[in-house]
Amino acid sequence: MQVALKIWRYDSATGDRALKEYEIEAPDWATLLDCLDIVKDKHDGSLAFRKSCRMMICGSCGMRMDGAAVLACKTRMYDIAQSGHVPVISAMGNLPIHKDLVVDMDPFWSKFKAMWPWLEPGFERPEDGREYRISQQRMNVVHKESLCINCGCCVSECNAMESDPEFLGPQALAKGMRFVGDPRDAHTVERLERYSQEHGIWDCTRCYFCNERCPKGVDPRDAIAKLGAESIRLGIDRDMGAKHAKWFVRSAETTGWLREEELIPKTQGYVSAIKQLKFGASLARHGKVRPVPIPHVAKDVNEARNLRKVVNEQDRQGALGHVQGEHALAKLDHGHQSESLEEIYERPGAAPRPWLPESKEEAPK
Amino acid sequence: MRAAIEAYDAGADVAMISKIHPTRSHSGAAEGGINAALANASDDNPEIHAFDTVKGSDYLGDQDAIEILCDEAPGDVYQLENWGAVFSRTEDGRIAQRPFGAAGAPRTAYAADITGHVLVQVLWEQVCKRDIPTYEEYFAWQLVENDGRCQGVVCWDLLGGGLKTIGAKTVILATGGAGRLYTGTTNAYSCTGDGMAMAFRIGLPLKDMEMMQFHPTTLAPTGVLITEGCRGEGAYLLNKDGERFLKRYAPNTMELASRDVISRAEQMEIDAGRGVDGNVLLDLRHLGAERIIERLPGSRELAMTFLGVDPIYDPIPVRPGAHYHMGGVATDVWGQTELTGLYAAGECACVSVHGANRLGGNALMETITFGKRSGAHAAEWALSHTTVSVPDSVERDAERELTELLDRTEGERPWAIRDELASTMHENFGVFRRERQMEEQGRIVTGLRERYRAALVEDKGEIFNSDLTGTIELGFLLDLADCMVVAGIERKESRGAHARPDDYPVRDDENFMKHTYVRLVDGSPQLSWEPVRMTKWEPQERKY
Numbered sequence: 010m011q012v013a014l015k016i017w018r019y020d021s022a023t024g025d026r027a028l029k030e031y032e033i034e035a036p037d038w039a040t041l042l043d044c045l046d047i048v049k050d051k052h053d054g055s056l057a058f059r060k061s062c063r064m065m066i067c068g069s070c071g072m073r074m075d076g077a078a079v080l081a082c083k084t085r086m087y088d089i090a091q092s093g094h095v096p097v098i099s100a101m102g103n104l105p106i107h108k109d110l111v112v113d114m115d116p117f118w119s120k121f122k123a124m125w126p127w128l129e130p131g132f133e134r135p136e137d138g139r140e141y142r143i144s145q146q147r148m149n150v151v152h153k154e155s156l157c158i159n160c161g162c163c164v165s166e167c168n169a170m171e172s173d174p175e176f177l178g179p180q181a182l183a184k185g186m187r188f189v190g191d192p193r194d195a196h197t198v199e200r201l202e203r204y205s206q207e208h209g210i211w212d213c214t215r216c217y218f219c220n221e222r223c224p225k226g227v228d229p230r231d232a233i234a235k236l237g238a239e240s241i242r243l244g245i246d247r248d249m250g251a252k253h254a255k256w257f258v259r260s261a262e263t264t265g266w267l268r269e270e271e272l273i274p275k276t277q278g279y280v281s282a283i284k285q286l287k288f289g290a291s292l293a294r295h296g297k298v299r300p301v302p303i304p305h306v307a308k309d310v311n312e313a314r315n316l317r318k319v320v321n322e323q324d325r326q327g328a329l330g331h332v333q334g335e336h337a338l339a340k341l342d343h344g345h346q347s348e349s350l351e352e353i354y355e356r357p358g359a360a361p362r363p364w365l366p367e368s369k370e371e372a373p374k
Numbered sequence: 000m001r002a003a004i005e006a007y008d009a010g011a012d013v014a015m016i017s018k019i020h021p022t023r024s025h026s027g028a029a030e031g032g033i034n035a036a037l038a039n040a041s042d043d044n045p046e047i048h049a050f051d052t053v054k055g056s057d058y059l060g061d062q063d064a065i066e067i068l069c070d071e072a073p074g075d076v077y078q079l080e081n082w083g084a085v086f087s088r089t090e091d092g093r094i095a096q097r098p099f100g101a102a103g104a105p106r107t108a109y110a111a112d113i114t115g116h117v118l119v120q121v122l123w124e125q126v127c128k129r130d131i132p133t134y135e136e137y138f139a140w141q142l143v144e145n146d147g148r149c150q151g152v153v154c155w156d157l158l159g160g161g162l163k164t165i166g167a168k169t170v171i172l173a174t175g176g177a178g179r180l181y182t183g184t185t186n187a188y189s190c191t192g193d194g195m196a197m198a199f200r201i202g203l204p205l206k207d208m209e210m211m212q213f214h215p216t217t218l219a220p221t222g223v224l225i226t227e228g229c230r231g232e233g234a235y236l237l238n239k240d241g242e243r244f245l246k247r248y249a250p251n252t253m254e255l256a257s258r259d260v261i262s263r264a265e266q267m268e269i270d271a272g273r274g275v276d277g278n279v280l281l282d283l284r285h286l287g288a289e290r291i292i293e294r295l296p297g298s299r300e301l302a303m304t305f306l307g308v309d310p311i312y313d314p315i316p317v318r319p320g321a322h323y324h325m326g327g328v329a330t331d332v333w334g335q336t337e338l339t340g341l342y343a344a345g346e347c348a349c350v351s352v353h354g355a356n357r358l359g360g361n362a363l364m365e366t367i368t369f370g371k372r373s374g375a376h377a378a379e380w381a382l383s384h385t386t387v388s389v390p391d392s393v394e395r396d397a398e399r400e401l402t403e404l405l406d407r408t409e410g411e412r413p414w415a416i417r418d419e420l421a422s423t424m425h426e427n428f429g430v431f432r433r434e435r436q437m438e439e440q441g442r443i444v445t446g447l448r449e450r451y452r453a454a455l456v457e458d459k460g461e462i463f464n465s466d467l468t469g470t471i472e473l474g475f476l477l478d479l480a481d482c483m484v485v486a487g488i489e490r491k492e493s494r495g496a497h498a499r500p501d502d503y504p505v506r507d508d509e510n511f512m513k514h515t516y517v518r519l520v521d522g523s524p525q526l527s528w529e530p531v532r533m534t535k536w537e538p539q540e541r542k543y
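Sequence order for the protein chains is A and B.
Okay, so the first sequence: first residue is 10 according to the working numbering, each after it adds one.
Okay, so the second sequence: first residue is 0 according to the working numbering, each after it adds one.
None of these hints come from the bench; they were simulated from the model.
Honestly, I wouldn't trust all of these hints.
Quick list of in silico lysine to aspartate or glutamate cross-link-like pairs, EDC-like style, CA-CA up to 16 Å [to be verified]:
no., chain 1, residue 1, chain 2, residue 2
1, B, K459, A, D53
2, B, K163, B, E461
3, B, K459, A, D20
Assemble the whole structure, with the sequences as input and the hints as a guide.
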């Protein structure tokens, strides 16, 4: 097939930047990575990009296609090429560029290392010198986080990091959750204290771009939510973000609706709230808040309270409140488990069903 | 990384050099698991593990090394778990184990089908904990031999450009395999046998280089790996008629025979016209959606992404692909090579625990156990010796060689040489070997080498010049292809991965129960033989 690509070329030594178009002949099965290889081999040997495993596990080939982060080795080009679209390939966002599609991963790894990214097992080791005894269910809590291949696609897309370059970011925080959720780790409180500081858990803007773009189904935003839930469960809730979240729950539980007028003092504290009175008055002038807050209780408040009760009764506190497990692993839709094996074997065009040959003479080795 | 951790803990001053970031290493692509006789799923012990490994190796494995591996394996796996490895669990919370090919018990500890990935992660975490410095994206090019010792490595700095020479009292090679010698390979682009070739070039012997394992289940066309775990979970292999053809080749163990046996069986089915477009079919349908999604999600994702096949509904077309080099730099059981100060561990080394055929799940175990042992020994040596000296001439010579390569403005781009090498190796030195084809391959490699001397590096820049490193890698591969052909022609028998159906179809213990050693003498590879180290297992006929 014919594939056309536009690639943003960049050289940090000279500062030269240019969008170049390449037209190549590629096999129908080619991925974006295969196409870049062909460009490099046959058209321009100076094109720089990282690659290694070409099977979505090493995390080398994160880059952007038409402005969205992808793994080049996971991106099949056939449909794109057939549609006549010419995609624009560029380096990942939020990281400085060395050359062409190769970014500087140092900021990425220094945030990773700031998470204490190793197990801190405390003093109790398994008595028999063997493994820790942990149920699969407990391990499932960190299953998605442990799928992370450090490709940087989530960091590339992170809106919070774009405005605050020091924000720890989705990858590092997901790595943090991998240990917070691990029953073998004894430093949960210390970790959550650290992760709750400025540029941490509560600075995420919840745009969900990281979940959207992660090629491995790690769902970093869910990990950040779990860190938040664990923090609150353990009383590490001094940050405004935590107070904000707590007030939502409290407000819904008591009156069944969100009392916005109280949100600012409950989140930022009374001193800060007084400073914002002028802003509040302006909101009131424009009809955004009621000038005189009259507390009332919603008619169906018991519904909200019952919901809360259900959560409490199931003992799904903290991270356990987030449903996940190995089913989420492949992030692929599978909704047809109702079919029997017989039905699967009988589908039109199905491969022949398996059968055993009669035991004949043994074939030569 | 395992070696670096061990050496650091022994008190040595350690650094790692890697041409890619450590977590990008191809160990991360190992899917199925790691073998240790933990006896979590059934009765098992290191002795049975050792026997399975010896038999699997077609009696070419060194039995002392195999016993060490199997004895230390359980402790080493517990250590990985204690460090935080996210293993799958049994009902009672222990590390889960699944059956694997040619194993007498369900012995393969696993983390779904991403075991290599979680182990690479846990090692990197432990490296971070110790803050071991890493020269990332430093491309190791030449070993520094001085005073009869290995005293460092000359590297090309990929990000910053320029040659950097790093001196060290001891150097451990952990550079992995050379699957890129073949068109259809499970190996990463970075698996170009760098460490083997570097050692070979300073005169060290490469052992059993003809032994390249073909994995039975790889995806067309490029060879992406589908784990043996699929068959461990009960998948069938079918020919185009739906026949479970292994009944005719390995009636007892069927799909769980050893890899060499299954790869040959598949190739024979395909050659006999019972394949489907050059493939056989890996059928998971009867396992059911639930089990596939829980235990084999990565394999399903790979099949869906690369072939558009959902294994819940359709069998996956698979074929044998180059997977693992049993051969490598000859070492003793502490990872020491012939050259003082130089060690090797993992796939680039040949201890030999795999002999002529490696069992699935033993590779990860070998990297851990022998990585640990090499690290310990290298640290001990470094701590008891004081000096490092790297003569200036080393870097000057390397610089001259580099300038010659970069100054060339005309010549052939290396990709055609690379592609021809890979396709001809596949054709002439694949699952089955024939004298005439191997000789032909020798001539082809010589011709390619001639062309390589005039290869053109187009990128002359300093920043991320992968055009340069790719060209150097091709030079490494050409050297290794030569070694493989030389050893392959001389092994006049069929043993493990080395199958010669036409002229020498059976194993010949009388004459060939010995290792090939290929070393560079006066510019060309010379072959010699070394005996297999035996302890208690006499060779028997190998049936599955």
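Verification of the supplied hints:
no.: 1; hint: B:K459 / A:D53; result: holds (12 Å)
no.: 2; hint: B:K163 / B:E461; result: holds (13 Å)
no.: 3; hint: B:K459 / A:D20; result: holds (13 Å)
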